[in-house]
Amino acid sequence: MSIEHPVYLEDKLEQIRTSGRLHYRSKSLPTWCPGCGYYSMTEGVTWALNEIGTANEDVVVVSGIGCASRFPFFMETYGFHTLHGRTLPVATGIKLANENLTVIVVGGDGDGFAIGGGHIPHVARRNVDITYLLFDNGIYGLTKGQVSPTSALGFKTPTSPFQNQDEPLNPLAMLLAYGSSWVGQAYAGRPDHLAEMIRGAIKHRGFSYLHILSPCVTFDKTDRTYRRLDLEVRDLPDNHDSRDRLAAMSEASTTDRPALGVFYNEQRRTLGDALDAVVEKAGGVPRRLAVRQ
Amino acid sequence: MAVTPSSLNVEIPASAPARRHPKIDLRVVDPVRAAIRDGSVIGVRRTTLSGNDAVAKGALEVGARFFAGYPITPSSEILEYVAKHIFRCGGTYLQMEDEISSIAAAIGAALGGVKSFTATSGPGFSLKQENLGYACLTECPLVVVNVQRGGPSTGGPTDVGQSDVMQARWGTHGDHPVVVVAPYSVQECYEETIRAFNLSERYRIPVIVLTDAKISQMKEPVTLPAQDAIPIVNRAKPIGTQQGYEPFGLSPTGIPPLAGMGEGYRAHFTGLYHGRDGLPTRDPKMIEEQMLRIHAKLETPTATAEIRKTETYFIDDADVIVVAYGITARAAKDAVVQARREGLRAGLLRPVTLWPSDAEVLPEVLGRVRKVVVPELNLGQYITEIQRLAYESARRNQIVPPEIVPLNRVDMQLISPAQILQELRS
Numbered sequence: 002m003s004i005e006h007p008v009y010l011e012d013k014l015e016q017i018r019t020s021g022r023l024h025y026r027s028k029s030l031p032t033w034c035p036g037c038g039y040y041s042m043t044e045g046v047t048w049a050l051n052e053i054g055t056a057n058e059d060v061v062v063v064s065g066i067g068c069a070s071r072f073p074f075f076m077e078t079y080g081f082h083t084l085h086g087r088t089l090p091v092a093t094g095i096k097l098a099n100e101n102l103t104v105i106v107v108g109g110d111g112d113g114f115a116i117g118g119g120h121i122p123h124v125a126r127r128n129v130d131i132t133y134l135l136f137d138n139g140i141y142g143l144t145k146g147q148v149s150p151t152s153a154l155g156f157k158t159p160t161s162p163f164q165n166q167d168e169p170l171n172p173l174a175m176l177l178a179y180g181s182s183w184v185g186q187a188y189a190g191r192p193d194h195l196a197e198m199i200r201g202a203i204k205h206r207g208f209s210y211l212h213i214l215s216p217c218v219t220f221d222k223t224d225r226t227y228r229r230l231d232l233e234v235r236d237l238p239d240n241h242d243s244r245d246r247l248a249a250m251s252e253a254s255t256t257d258r259p260a261l262g263v264f265y266n267e268q269r270r271t272l273g274d275a276l277d278a279v280v281e282k283a284g285g286v287p288r289r290l291a292v293r294q
Numbered sequence: 009m010a011v012t013p014s015s016l017n018v019e020i021p022a023s024a025p026a027r028r029h030p031k032i033d034l035r036v037v038d039p040v041r042a043a044i045r046d047g048s049v050i051g052v053r054r055t056t057l058s059g060n061d062a063v064a065k066g067a068l069e070v071g072a073r074f075f076a077g078y079p080i081t082p083s084s085e086i087l088e089y090v091a092k093h094i095f096r097c098g099g100t101y102l103q104m105e106d107e108i109s110s111i112a113a114a115i116g117a118a119l120g121g122v123k124s125f126t127a128t129s130g131p132g133f134s135l136k137q138e139n140l141g142y143a144c145l146t147e148c149p150l151v152v153v154n155v156q157r158g159g160p161s162t163g164g165p166t167d168v169g170q171s172d173v174m175q176a177r178w179g180t181h182g183d184h185p186v187v188v189v190a191p192y193s194v195q196e197c198y199e200e201t202i203r204a205f206n207l208s209e210r211y212r213i214p215v216i217v218l219t220d221a222k223i224s225q226m227k228e229p230v231t232l233p234a235q236d237a238i239p240i241v242n243r244a245k246p247i248g249t250q251q252g253y254e255p256f257g258l259s260p261t262g263i264p265p266l267a268g269m270g271e272g273y274r275a276h277f278t279g280l281y282h283g284r285d286g287l288p289t290r291d292p293k294m295i296e297e298q299m300l301r302i303h304a305k306l307e308t309p310t311a312t313a314e315i316r317k318t319e320t321y322f323i324d325d326a327d328v329i330v331v332a333y334g335i336t337a338r339a340a341k342d343a344v345v346q347a348r349r350e351g352l353r354a355g356l357l358r359p360v361t362l363w364p365s366d367a368e369v370l371p372e373v374l375g376r377v378r379k380v381v382v383p384e385l386n387l388g389q390y391i392t393e394i395q396r397l398a399y400e401s402a403r404r405n406q407i408v409p410p411e412i413v414p415l416n417r418v419d420m421q422l423i424s425p426a427q428i429l430q431e432l433r434s
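Residue numbers (this note's numbering), protein chains in the order written: chain W, 2 to 294; chain D, 9 to 434.
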């Protein structure tokens, strides 16, 4: 990995200038550590938006608190930097305010599964038509390296100085159990696949959850490293049926060899569709026409 | 407890002018009632409502089209009313998974471009505080209804309290502007909710409607204006070029126009200190500019005239007054009438807008009375503000401050007129 600094980033921006993706990037340059997987995600999001052809004015990027929190500022879209753990309800409100918007939520494992864990089941079961890019590095990077809900057993951090005694969560299995209508996994070390997966997640009509594995290059030098993840990740078997929730659950259970790909994908009515049915029962005017002032 | 120097028993000179504070222009502070009174409203609607229903009805009629809430006694009827009626108005309602997500979703929808609100009671209001601060800093038009009960903690869920007067003002961290209105009747629940929405839209601030368990549950006859006569304020939207739109920019009023998401005026919102463009900043000058602006926008002459609202009752010649708000003001009014019958020069000051406190009427009256009784269903919260204003006024005018007497109950019972009368007499 070469030494990265703002000059490098300028070069990087120059590289993507020709790709047509730059108009999704703001003038603010990312401030993540050199080597952070968030660079892959940023590239992936701009590539996917460009591929889909979404107008800047139709995209809202929502973040909470953590290393992901500044992501909206690097995007030339609507940006919504909310409170720690509160991305999903805010995104729900935005989506209901204007169904035409493409709402992308980004957050880390602490934001999503610790302080904000109570919101995930409900946004999944309601099938709110938003995309959740969860960036899992198994550590609290922004606060300089404490243990997180997805840290491995035995992992030593300043807040687990002897060893992490808590069993890590299995986010993919949780999301499948919660009824998420699109569940996938990608790896920051495979940026092209990640970009493809982001495109799939954004295009999915309903709640899409993309779990992105990434190392924290600054605060985790031992456990979840690029070197280790490179060896551990595998592709989902060719014959995996993404309509089969049990098969998805089975794949999600093999946590020692994380699989990359679309675990589960189902088309079912979104919260917007469900509310339209409620409006009809209530004898109301169509929501999408009346909700705006 | 009130500080009462022995030199306090000074007589108020009989030559005191009858009215030294400006008469409130009802048309400014209370257009709904003014319209009903001056007969300019045709086809008023007479009905009977509970306080909670009146709040919800007022919200829907002033144009609220998004509500997210979580059931909590004694505010749940607001959710139930909204759930039943909002879809017919073209709005959306969600029962969320908790109190925090309720206000978070309402903020998302509000900045998304839709008039939004949420409702709760004390414990839920505590949970909402972090997001309330977010709404203050992002200048989000939002209405939060807090139907007060006893506290701290679960306290008395089904019974009355005025325990959140200070929480409403200072619940979230940091210096933040907030407007709190406290209705004292079902009629006012309706009117003040309308006013709360209009203030929140005009000034881009969260406004808190502070009712209580008794007002929320009791039913009273109300007179409502015809729907087309309701004054409706909508947020100012940006006009002109979309490029370079500043959601926190400078404007003559200090209130930057706010576009809904998807309308082309792209914007960033963050709970971090931010510049005019909404992007985070660590520039001390910019932070100071923005922090001072969000307070100053409520302190212009236009803003203070519209936000302040205090009812004065037999105040002109009063030498002993009650300062009361919400449900307690009802008993206070009764006590003042009885005191007048007994020949006491008693009066009532009723702040309808609790916060920011009325820096015009309150200090003026507090500066010319002998005694002030402050009944509250807590152990003395608003009294500290009354003391501050009275002592400040006395210091500035070099006069002796009035005796300020607390009258408190925290036993889930209302303060009776007899209790207040006793204090007025002594």
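What the hints contain is simulated information worked out from the structure, not anything from laboratory work.
Accuracy of the hints is not assured; some may be wrong.
Calculated pairs, DSSO-like style, for lysine-lysine (alpha carbon to alpha carbon, straight line, at most 27 Å) [claimed, not checked]:
1) 341/D to 245/D
2) 282/W to 92/D
3) 204/W to 222/W
4) 245/D to 92/D
5) 222/W to 157/W
6) 305/D to 28/W
7) 222/W to 145/W
8) 245/D to 227/D
9) 92/D to 28/W
Every beta carbon over 12 Å from chain D, so not counted as near; a handful from chain W, in silico [unchecked claim]:
10) 90
11) 94
12) 232
13) 261
Backbone N, C-alpha and C fix where the C-beta goes; we use that ideal spot for every residue, glycine too.
Here is what the structure says about each hint:
1. Using a Cα cut-off of 27 Å, the hinted pair residue 341/D and residue 245/D is violated, with the two alpha carbons roughly 42 Å apart.
2. As the CA atoms of residue 282/W and residue 92/D are separated by approximately 11 Å, the hinted pair is consistent with the 27 Å bound.
3. The suggested pairing of residue 204/W with residue 222/W is violated, with an alpha-carbon distance near 35 Å, which exceeds 27 Å.
4. Of the supplied pair hints, the one linking residue 245/D and residue 92/D is violated, its CA atoms being roughly 30 Å apart against a limit of 27 Å.
5. A threshold of 27 Å between alpha carbons decides the hint, and for residue 222/W with residue 157/W the separation of about 11 Å falls inside it, so the pair holds.
6. In summary, the hint linking residue 305/D to residue 28/W is not supported, as the alpha carbons are separated by about 30 Å, beyond the 27 Å threshold.
7. For the hint pairing residue 222/W with residue 145/W, the CA-to-CA distance comes to about 13 Å; that is within 27 Å, so the pair holds.
8. At roughly 38 Å between alpha-carbon atoms, residue 245/D and residue 227/D are farther apart than 27 Å, so this suggested pair is violated.
9. The hinted pair formed by residue 92/D and residue 28/W fails the criterion: a straight-line CA distance of about 47 Å is larger than 27 Å.
10. At roughly 4 Å from the closest C-beta of chain D, the C-beta of residue 90/W falls inside 12 Å, breaking its exclusion from the interface.
11. Consistency note on residue 94/W: stated as away from chain D, yet its beta-carbon is not over 12 Å from all of that chain's, at 3 Å minimum.
12. Once the 12 Å rule is applied to beta carbons, residue 232/W is consistent with being away from chain D; the minimum gap is 38 Å.
13. No Cβ of chain D approaches the Cβ of residue 261/W within 12 Å, the least distance being about 30 Å, so the stated non-interface status holds.
Violated hints, in rising order: 1, 3, 4, 6, 8, 9, 10, 11; the structure is consistent with all others.
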